[in-house]
Amino acid sequence: MKERLTKEAIAIRIAKELKDGDCVNLGIGIGTAVPNFIPPEKMVIFHSENGVIGHGRVLTIDEVEFMDYNLVNAGGQHITSKPGMCLGDFGEAFDAIRIGRVDVTVLGALQVSEKGDLANWSTDLSGAWGTIGGAMDMAIGAKKVIVGMAHTTKDGKPKIINRCTLPLTAPECVDLIISDIAVIEMTPDGLVLKEFVPGWTVEDIQAITEPKLIIAPDLKEMELV
Amino acid sequence: MRNKIYSGFDEAIADIPDGASVMMMSFTGPGGIAQNLIQALKNKGVKNLDIYSYSNFGYIGQVPGFKPYTMPDILVENGQVRKAHTSWGRGAAGQYCALEQAVLSGKVAGEIIPQGVFAQRIRAGGSGVGAFYSPVGIGTPYEQGKEKRVIDGKEYLLEYPARASFGFIRAYKADGLGNLVYRGTARGINPLVAKACDVTIAEVDEIVEIGEFDPERVITPGIYIDRIVKIPDGGFK
Chain A
1265 MKERLTKEAI AIRIAKELKD GDCVNLGIGI GTAVPNFIPP EKMVIFHSEN GVIGHGRVLT
1325 IDEVEFMDYN LVNAGGQHIT SKPGMCLGDF GEAFDAIRIG RVDVTVLGAL QVSEKGDLAN
1385 WSTDLSGAWG TIGGAMDMAI GAKKVIVGMA HTTKDGKPKI INRCTLPLTA PECVDLIISD
1445 IAVIEMTPDG LVLKEFVPGW TVEDIQAITE PKLIIAPDLK EMELV
Chain B
34 MRNKIYSGFD EAIADIPDGA SVMMMSFTGP GGIAQNLIQA LKNKGVKNLD IYSYSNFGYI
94 GQVPGFKPYT MPDILVENGQ VRKAHTSWGR GAAGQYCALE QAVLSGKVAG EIIPQGVFAQ
154 RIRAGGSGVG AFYSPVGIGT PYEQGKEKRV IDGKEYLLEY PARASFGFIR AYKADGLGNL
214 VYRGTARGIN PLVAKACDVT IAEVDEIVEI GEFDPERVIT PGIYIDRIVK IPDGGFK
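Chains as they are written, first to last, in our numbering: chain A, 1265 to 1489; chain B, 34 to 270.
Check the hints yourself; a few may be wrong.
Sample of chain B residues at the chain A side, in silico, Cβ under 7 Å [unchecked claim]:
(1) 63
(2) 120
(3) 121
(4) 142
(5) 145
(6) 148
(7) 149
(8) 156
(9) 169
(10) 170
(11) 172
(12) 222
(13) 224
(14) 225
What the hints contain is simulated information worked out from the structure, not anything from laboratory work. Note that the Cβ used here is the ideal one computed from N, Cα and C, for glycine as well.
Go ahead and model the full structure; you've got the sequences and the hints to work with.
In structure tokens form, the structure reads like this:
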């Protein structure tokens, strides 16, 4: 039985990718759940585009009593404060991104190309209108760009394709894709399949990935614990 | 000294004419949004506005059970806007966004700007800088029509400052001079907007005596603030 990871499970796998001391920006979507899965011994400094640096986890709908309208992330989700947290304005938030003080950004994607081009802000082919948010700034500024996404579109078409057809967010910016079936790394030689979700074969994954995948010599099952 | 404290929101915006440019914070939840000034502008009904509203024309961020909050989208919905500059042109999945409809049908001229670039343009507008070069948007549709320049081997796009005739900001507390402190992420873009407008109007939870603030804690110096209105019920909870 080929099962896909839930959004939460993708966030768990992304959390494993983050190192002690990293400053990490979380885009709107799958990424915002990542702080919930960082073990206490690992100090990851979460950065949000609205100017909060070092925030805690995202509160769930059931935790209304702890919610503070003056403490939210860029997605408008209520978050917790954390010792060492600090606050700036939007200018501050994007200074940190542009000058490379943000180690990792986690973004969603509509399409990712073989070269690591990212399209995630508009389905309007002209690129004249859409929801651009802070993704363009983050994609070019963060040291490492991790894409967390479903491997295919809702109707089963590949999202990892030879060339993006949708308007780009930034060219050649993606470093790692963590999808609901695989972990794929962008390298100068091409896309390297590093991990697969149990139940999925290399052939299954290749069948719904347009570019030819290079199989990592140490290819392994994805572990979430 | 002229009194900066106004008794109500309608009085504070009474001189905003048809065709005015207005800049306002709107992002990441209701805490930092000057909702009462936006509502007053809607009630006044002035038309042909050119609005700079950071993002979130849709209504994301609302939690079930909490009261809805006012966003700049109500001005678009009310047919008061001729031009809009934003980073969020669409509602969240499945949510209605008046701006999206208005731009796609050609009723409103829309400019979509990457969020960090928008912040920097407002910052430039508030610091008297003529223009600046930014690395964001190279190799995307955003670069169309923008001057490109290579500086130290890296490509940049020329970006112009953003300024407006009126600015709406939301702060936690003000003193009579207009010095402001903010709370949490409600700070947002407010301190940048404060400097990028000819007339800046702040709505605040509380007005305190001059001298009450620790000078080290003041985020926006009062010289940038022209009008202050206290929110009657002490702000959005």
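Consistency of the hints with the structure:
no. : hint : verdict
1   : 63   : holds, 6 Å
2   : 120  : holds, 5 Å
3   : 121  : holds, 5 Å
4   : 142  : violated, 11 Å
5   : 145  : holds, 5 Å
6   : 148  : holds, 4 Å
7   : 149  : holds, 3 Å
8   : 156  : holds, 5 Å
9   : 169  : holds, 5 Å
10  : 170  : holds, 5 Å
11  : 172  : holds, 4 Å
12  : 222  : holds, 5 Å
13  : 224  : holds, 5 Å
14  : 225  : holds, 6 Å
Checked against the numbered hints given earlier, this structure breaks only hint 4.
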